[in-house]
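Undergrad: Going down the list, the sequences are from chains Z and H.
This note's numbering numbers the first residue of the first sequence as 199 and each following residue consecutively.
This note's numbering numbers the first residue of the second sequence as 396 and each following residue consecutively.
Hints may contain errors.
[What the hints assert, rightly or not] Below, a list of computed lysine to any residue pairs in the SDA-like style, where the Cα atoms sit at most 20 Å apart:
1) K569(H) to G531(H)
2) K561(H) to S324(Z)
3) K561(H) to S327(Z)
[Stated by the list, open to error] Beyond 12 Å from chain H on every Cβ pair, some chain Z residues (computed):
4) L330
5) D351
6) S352
7) R355
Hints in this document: simulated from the structure, not taken from any laboratory.
Model, not experiment: these values are computed from the prediction.
Where is the CB? At the ideal position from N, CA and C, for every residue including glycine.
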Amino acid sequence: MSEHIHNKWLIILTFLLAFALDVLPLPGWSIWFRPLWTLMVMIYWVMAFPNLINVGSAFVVGLVLDLLQGTVLGEHAIAMVIVAYFVVQLYRFMRVAPLLQQTFFAFILIFIYQLLIYILQGIVGSLPSTWLYWLPVLTSIILWPWIFVLLRDSRRRAGLIVKG
Amino acid sequence: MRAILFLILAIIFMFADRRNIAFHRIRQVMDYAVFPVQYAVDLPIDMTNTIISDFSTQQQLLKDNASLHAQVLLLQAQLQKQYAIVSENKQLKELLSASDQASGQVLEAQLLAISTDPFLHQVILDKGTKDGVFQGQPVLDSSGVMGQVIQADVFTSRVMLLTDPKSAIPVQIKRNGIRAIAEGTGGADNLLKLIYVTNTTDIEVGDELVTSGLGQCYPVGYPVGTVITVSHPADSQFAEIIVVPSARLNRSRLVLLVWPVNYPSSRNSA
Numbered sequence: 199m200s201e202h203i204h205n206k207w208l209i210i211l212t213f214l215l216a217f218a219l220d221v222l223p224l225p226g227w228s229i230w231f232r233p234l235w236t237l238m239v240m241i242y243w244v245m246a247f248p249n250l251i252n253v254g255s256a257f258v259v260g261l262v263l264d265l266l267q268g269t270v271l272g273e274h275a276i277a278m279v280i281v282a283y284f285v286v287q288l289y290r291f292m293r294v295a296p297l298l299q300q301t302f303f304a305f306i307l308i309f310i311y312q313l314l315i316y317i318l319q320g321i322v323g324s325l326p327s328t329w330l331y332w333l334p335v336l337t338s339i340i341l342w343p344w345i346f347v348l349l350r351d352s353r354r355r356a357g358l359i360v361k362g
Numbered sequence: 396m397r398a399i400l401f402l403i404l405a406i407i408f409m410f411a412d413r414r415n416i417a418f419h420r421i422r423q424v425m426d427y428a429v430f431p432v433q434y435a436v437d438l439p440i441d442m443t444n445t446i447i448s449d450f451s452t453q454q455q456l457l458k459d460n461a462s463l464h465a466q467v468l469l470l471q472a473q474l475q476k477q478y479a480i481v482s483e484n485k486q487l488k489e490l491l492s493a494s495d496q497a498s499g500q501v502l503e504a505q506l507l508a509i510s511t512d513p514f515l516h517q518v519i520l521d522k523g524t525k526d527g528v529f530q531g532q533p534v535l536d537s538s539g540v541m542g543q544v545i546q547a548d549v550f551t552s553r554v555m556l557l558t559d560p561k562s563a564i565p566v567q568i569k570r571n572g573i574r575a576i577a578e579g580t581g582g583a584d585n586l587l588k589l590i591y592v593t594n595t596t597d598i599e600v601g602d603e604l605v606t607s608g609l610g611q612c613y614p615v616g617y618p619v620g621t622v623i624t625v626s627h628p629a630d631s632q633f634a635e636i637i638v639v640p641s642a643r644l645n646r647s648r649l650v651l652l653v654w655p656v657n658y659p660s661s662r663n664s665a
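Required output: the full structure, derived from the provided sequences and hints.
TA: Below, the structure written as C-alpha cells:
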C-alpha cells in the first residue's frame with residue numbers, strides 16, 4: 199500500500215531546519231548540549247510515513263549530515279540507516295503508545311544512534327574522550343515530547359494524513 | 396533487504412573516504428549540495444552582526460577600526476616572523492649561512508559560523524580554491540599557527556586545528572633550538588603534546604615553541620605554543636610534555652592563509 203502525499207514540502211522543510219539547527223554555532227559552554235535535531239525529525243517522519251521515509255531517506259540524510267559536520271562520509275549514514283530500520287519495525291507500537299512510553303522508545307533509539315557514532319568514531323580513530331559526549335542523548339530526550347507534538351500538529355495542519 | 400544494501404553502501408563510502416584520494420573529488424562535488432545550508436546558517440548571523448554595527452552611531456569609526464584590525468593582524472603576523480628571525484640570527488651568524496626568509500603571500504579569511512562536531516577540531520573558512528587555497532596550506536592567526544587546510548572546496552575550505560589527534564607539527568624550542576614534534580591531544584581542553592622527547596632533553600616549563608619548517612608544510616619561525624607541564628613517568632624513557640597552543644583556536648574569527656615562497660601562487664587573487 200503506497201501513501202500519496204501531495205505536499206512533501208513540510209517534510210523537506212523540517213529536515214532543512216534540523217540540518218540548520220545541527221550546525222548552528224553555539225557558545226562554547228553549550229556545545230555539548232546540542233540535541234540531535236536531525237535524528238529526532240528523522241524518527242518522527244519514519245514513524246508517520248514508513249512507506250515514504252525509510253532507510254533510503256535515512257541514508258541520504260545521514261550523508262548530508264556527514265558533509266555538514268565533516269565526519270567520514272558514511273558514518274552518520276550507517277547510524278541513521280540502522281535507527282530508521284528499527285523505527286520501520288517498531289512504528290506500529292510507537293504510534294499508539296502513550297507519550298511517556300513512546301519517549302522511552304525514542305530514548306533507546308537515540309541512545310543506539312549515539313552509541314553507533316561512538317563505535318564508528320573509534321574505528322576511524324578519533325574517539326571522543328569526554329563523558330559529555332553522551333549529553334545530547336539527554337537533551338534530545340527532554341525535547342522529544344515537544345518535538346513530537348509540534349511535528350504532529352504541523353503535519354495535521356498541512357493536511358498530511360497517516361494511514362495504515 | 397534494503398536496509399542491508401544501504402548499510403553496505405555506507406560502509407563502502409566510509410572506506411573510500413578514508414583510503415581513496417580520487418574519492419575526495421566526489422566528496423568535493425557533493426559538498427556543493429550542502430553549501431546552501433551552510434550559507435543559510437551563516438547569513439543571518441553575519442547579517443545580524445552587520446545590522447548591529449550599522450545602527451551604531453560611530454559607523455565610520457567602526458569601519459576604520461575594522462580595517463585597522465585587519466592591518467594589525469597582518470602586521471602582527473609579520474612581527475612574529477621578525478622575532479623569530481632575530482633569535483635565529485644569533486645561530487646563523489655563527490654558521491655564516493644566509494637563510495631564505497622571504498615571506499610568502501598571505502590572504503585574510505573568515506571562519507564561517509558553522510560548528511562541526513565538537514570532538515573533530517575542525518573549522519570552516521570562507522575562502523576556497525577560487526581564491527587559490529590548496530590542500531595542506533598552513534593557516535595562522537594573529538598569535539600563532541592554527542592548523543592546515545585538509546579539504547579545499549570551491550567556496551569554502553576545511554581546516555584541521557593543531558589540537559586534532561591526527562595533526563602533528565614539527566617544532567623547535569626558541570631558547571635552545573631543540574627540535575620535536577607536537578601532536579594534538581584531541582581533548583576538549585585544546586592542548587598539544589610533544590612526542591618522542593627523551594627524559595634527558597633540556598625542556599622547561601615556559602619554553603616557547605616555534606615552527607621548525609621541517610616537513611615543508613608549515614613556514615619557519617611562527618609561534619606554536621608554550622610548554623605548561625613537563626613530567627617524567629618512571630615507566631617510560633620519554634618525557635610527557637604538554638603544550639598550550641599560542642593561537643586562539645576557539646576565539647579567532649579572522650585568520651590568515653599563507654602561501655609558501657616556493658609555491659606557485661599565480662592563481663592567488665589577493
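Undergrad: With reference to the structure, classify each hint as holding or not holding.
TA: Verification of the hints:
no.: 1; hint: K569(H) to G531(H); verdict: 25 Å, violated
no.: 2; hint: K561(H) to S324(Z); verdict: 8 Å, holds
no.: 3; hint: K561(H) to S327(Z); verdict: 14 Å, holds
no.: 4; hint: L330; verdict: 7 Å, violated
no.: 5; hint: D351; verdict: 25 Å, holds
no.: 6; hint: S352; verdict: 20 Å, holds
no.: 7; hint: R355; verdict: 24 Å, holds
Comparing the model with each numbered hint stated earlier shows that hints 1, 4 do not hold.
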